[in-house]
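Student: Please construct the entire structure, taking both the sequences and the accompanying hints into account.
If you want the numbering used here, it's the 1-based position in the sequence shown plus 192.
By construction, these hints were calculated from the structure, which means they are not laboratory data.
From a predicted model like this one, the values you see are computed outputs, not experimental measurements.
Treat the hints with care, as some may be off.
[What the hints assert, rightly or not] DEER-style ranges, computed between Cβ atoms: (1) 272 with 228: 29 to 39 Å; (2) 228 with 273: 35 to 45 Å; (3) 228 with 260: 17 to 27 Å; (4) 248 with 215: 15 to 25 Å; (5) 272 with 226: 28 to 38 Å; (6) 217 with 240: 15 to 25 Å; (7) 221 with 272: 16 to 26 Å; (8) 272 with 231: 24 to 34 Å.
Each residue gets a CB set at the ideal place from its N, CA and C atoms; glycine is no exception.
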Amino acid sequence: MNRTLRSAGHRALMDALKTARLEAGLTQTEVAQRLKRPQSFVAKYENGERKIEVVELAHIARAIGCSAYGVLEKVESAEFKKSKQLNAYR
193 MNRTLRSAGH
203 RALMDALKTA
213 RLEAGLTQTE
223 VAQRLKRPQS
233 FVAKYENGER
243 KIEVVELAHI
253 ARAIGCSAYG
263 VLEKVESAEF
273 KKSKQLNAYR
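Tutor: Laid out in structure tokens, this is it:
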């Protein structure tokens with residue numbers, strides 16, 4: 193398992209959350225206010241400086257108004273591009 197902040201899955205996570213925020217018409221500051229966190233929290237996970245825990249992902253998705261499941265599907269797709277890799281875990 194790749195633990196780097198720049199893995200394909202992590203990049204997909206960053207992109208999915210940023211895209212969802214922009215599609216919702218929200219700024220980083222607005223999302224941060226909904227999360228009761230500083231704007232830098234949002235900037236850091238969007239720029240790949242910070243990892244997100246699963247519970248945080250649920251809160252972030254709710255604040256943005258997107259599906260955490262949809263975000264995870266994009267991460268899974270990026271991490272396991274080949275069906276062989278995915279089947280190795282089943």
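Student: Determine which of the earlier numbered hints do not hold for this structure and return their numbers in increasing order.
Tutor: 7
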